[in-house]
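Peer 1: Same order as they appear, the protein sequences are chains Z and P. Heads up, the final residue of the first sequence is numbered 333 in my numbering, and it's a clean run with no missing numbers. Heads up, the final residue of the second sequence is numbered 324 in my numbering, and it's a clean run with no missing numbers.
Worth double-checking, as some hints may not be accurate.
Computed footprint of chain Z on chain P; a stretch qualifies when at least three of its residues, placed anywhere within it, have a C-beta under 8 Å from a C-beta of chain Z [claimed, not checked]:
#, segment
1, 211 to 217
2, 231 to 241
Derived DSSO-like pairs: lysine-lysine, alpha-carbon spacing no greater than 30 Å straight-line [what the hints assert, rightly or not]:
#, chain 1, residue 1, chain 2, residue 2
3, Z, K145, Z, K95
4, P, K37, Z, K139
5, Z, K145, P, K37
Don't read these hints as lab results, they were simulated from the structure. Virtual Cβ for every residue (Gly too), placed ideally from N, Cα, C.
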Amino acid sequence: MTIREGEPLLRVEGLSKSFMVSGGMFRAPRELKALQDISFTVRPNETLGIVGESGCGKSTLGRSILQLLRPELGRVVWLGQDLVATRGEVLRKKRKDVQIIFQDPLASLNPRMTVGEIIAEPLRSLMPELNGAERRAKVAETMKAVHLSPDMVNRYPHEFSGGQAQRIGIARALITGPKLIVCDEPVSALDVSIQAQILNLLAELKERMGLTLIFISHNLSVVRHVSDRIMVLYLGRVVELADGEQLYLHPRHPYTRALLASVPIPDPRRARGRDLKGLSGEIPSPIDQPSGCAFRTRCPYAVAPCAEVRPPLEAVPNHGDVACHRWREIGE
Amino acid sequence: MLVKSRTATLAEDGFARLPEKGRSLWADALSRFARNRAAMMGVIILALVILFMALGPLLGRWTIEKIDWDVMGMVAEKGMPSLETGHYFGTDDVGRDLYSRVIQGIGMSLMAGLVSAGVAVAIGTFYGAVSGYFGGRIDSAMMRFVDILYAVPTMFLVIVILMMFGRTVEVLFVSLGAISWMGLARVVRGQTIALRHREFVEAAVAGGARPLAIVYRHVLPNLLGLVAVYASLLIPDMIMVESFLSFLGLGIQDPNTSLGMLISEGSATMMYGTLWQLAFPLFFFVLILFSLYFVGDGLRDALDPKDR
Chain Z
2 MTIREGEPLL RVEGLSKSFM VSGGMFRAPR ELKALQDISF TVRPNETLGI VGESGCGKST
62 LGRSILQLLR PELGRVVWLG QDLVATRGEV LRKKRKDVQI IFQDPLASLN PRMTVGEIIA
122 EPLRSLMPEL NGAERRAKVA ETMKAVHLSP DMVNRYPHEF SGGQAQRIGI ARALITGPKL
182 IVCDEPVSAL DVSIQAQILN LLAELKERMG LTLIFISHNL SVVRHVSDRI MVLYLGRVVE
242 LADGEQLYLH PRHPYTRALL ASVPIPDPRR ARGRDLKGLS GEIPSPIDQP SGCAFRTRCP
302 YAVAPCAEVR PPLEAVPNHG DVACHRWREI GE
Chain P
17 MLVKSRTATL AEDGFARLPE KGRSLWADAL SRFARNRAAM MGVIILALVI LFMALGPLLG
77 RWTIEKIDWD VMGMVAEKGM PSLETGHYFG TDDVGRDLYS RVIQGIGMSL MAGLVSAGVA
137 VAIGTFYGAV SGYFGGRIDS AMMRFVDILY AVPTMFLVIV ILMMFGRTVE VLFVSLGAIS
197 WMGLARVVRG QTIALRHREF VEAAVAGGAR PLAIVYRHVL PNLLGLVAVY ASLLIPDMIM
257 VESFLSFLGL GIQDPNTSLG MLISEGSATM MYGTLWQLAF PLFFFVLILF SLYFVGDGLR
317 DALDPKDR
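Taking the hints into account, I'd like the entire structure generated from these sequences.
Peer 2: Structural data, given as C-alpha cells:
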C-alpha cells in the first residue's frame, strides 16, 4: 500500500446519491438528488476544502466517501480499490485508513461510554490483536497527541466542554493511524475562540502524522485558512474547484463570487471598496431543481441559454475547473 | 526543585497517577433519584411491605386455608381483628385467617406485577429493537401487526387464553404480559430508530464496529433507561389488571389469593359489619400502587433524556 508519486490518494468519479422523500400516505415518494455526478481527486498530504450552503450535499459527500451512505452511482477509489463496490468485512477492514470527525462533538460520543472506551473502540474493532495494556497505552498516547490529559480516560462525555469533546472525536479518528480524515464541519458547533484551537490542532496533527484531510465547512474563512485546494458545491454539483488562493483572489464562478462577497470584512473602509455582488434569494429545493444551470435562478449573470443547457465542468487555464457558460465573459 | 520535576514527569507519564473517576449517566440518575423525596418514600414503603411479606408469616398462627371453626358462622361477632385469637387482621367470611391471606395476596400481586411486566418488557424490547434496527419492510410489517393487536380487546383475549390453557397462576401472569408489550415495543422502536441515526452510531460504523457490537455497545445501553422507566410504570398497571381479573373471579383461584380477590370478597360483605375484610387488603393495595407509581415517576425524572 505504498503511495506512488503524483498518484491521487482518493479518486471520486461520477458520484451520485439521492434520497427518496415520501410526500404523505397517498403521494408517490419523490427523489431528492443530494449529489450529482461529483468527480475529484485528493492528493497525498493535501487538504481539500469543500464549501457550500447548507443543503448543498457537503455532508452527504463526506459520508458517501466513507460509505456510511451508499451512493447509487459512481466510484470512490481509495488507493486503487473502489470502496462503493466493497462491502462487509472487506470494507470494514478498509476503515482503518479513512476516518471521520463529526460536526456535533457531543452527539458523536456515546453518552454511556467513558472517554477511554470511546477512543479505544476503533482499536477493538479493527486491531483485535492488541491486548488491554497495549490498547490503554495507545489511548493515552493519542489523548496526549490531541492535548487531552490521559487522566481523564474514565470520565464521561457530558463532563467535557465542546472543544474537549471534539478533541476526543479527533483522538478516536486518529487512533487507528488513518491516512485520510474527512472533517465534517469540525468547528461549526464550537465557540470562535475554540475553533482556532481545533484548527491549529488539526494542522499540527496533519503535519506530524502526514495526514490528508478533506475539510467540509460552510465557513469560507475557515476553509481558506486550512485548505490547499477548494471545491465549491451548489445543489449537489461541483461548480468550481481550484487552488485555495487562486479561488479567493480570482473566483470564476458567479456563485463563488457571491459566497466570497458574503464573507464579512472586519475593516469597513476596505469593505466599502469591493464590488462583488452578494447572493439574493433562497437556495432552490433539491427536489425541484432548476433546468439547465442550477444556479441560474440566483445568478446576476444568467442569460436565456443558462436555463436550457447545464454547464459542464470546464478546465480554466491557470485556475482549475469551473461549471459556468459565461466564465470567459465574466472574467476574473 | 527535585520534587517538582518528579511530579512533572509523573504527570507526563499519564497513568502514574490514578486516573480520575468519571460520573456515568447512571450514577447521575441515581443521585437525582435519591434526591427525589416522593420516590425515596416509595422505595422505603415498598421495602417495608416486602419485609412484612417476608417476616410476617413468622408471627402468623394460621395458614391460608385453615378454617377457624369457632368463628365460622359468627364472623361479624367473633372474627374481628384480635391478638387473642391470632387473627390479627380478622377472618374472612368463611373463617379463614385474613392476616396470612393478606400476606399471600401481597406476594401474589407483586409477583403478578413483576412477572407480567417482565414478560411484557422482554417481548416489547426485543420486538421493538428488531423492528427499529432493521427498518423498511420488516419494520412496516411488524408495526402493522402491533396495530392489529391493539384493535383486539385485550381483556377478552386474556379470558380466552385462560380458558384454553387452564386457569393457573403461570398462564395468568404470562398472558397478562403477552397482551401488554405493544406500547413498549412502539416506544423502543422509535428510540432505536432515533439512535440508529445518531452520530455516535455513525462514528462506530466508521470505526469498523460490527452490527452486533453496535446493537450491544451503542443501542441497548441507550435504550435501558427508557425501558427501566416503562417497566416500572408497567408493574402497577399489571397489578391493577390482575386484581381486576381476580375481582371478576377470573384470576387467581382458591385457596390461593391475591389482593384483588381479597378486595372483591371484602366488598361483598361490606354491609355485614365486617369492614376489616375490605380495609386490610385495600390498604396494602393502595400502599403498593402509590409507592410503585412514585418510584416509576422518580425513575422517569431521573432518567429523562431531556434533563441531560
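Peer 1: Work down the list of hints and note, for each, if the structure agrees.
Peer 2: Going through the hints against the structure:
| no. | hint | in the structure |
| --- | --- | --- |
| 1 | 211 to 217 | holds (count 3) |
| 2 | 231 to 241 | holds (count 4) |
| 3 | K145/Z - K95/Z | holds, 26 Å |
| 4 | K37/P - K139/Z | holds, 20 Å |
| 5 | K145/Z - K37/P | holds, 18 Å |
Consistency note: the structure conflicts with none of the earlier hints.
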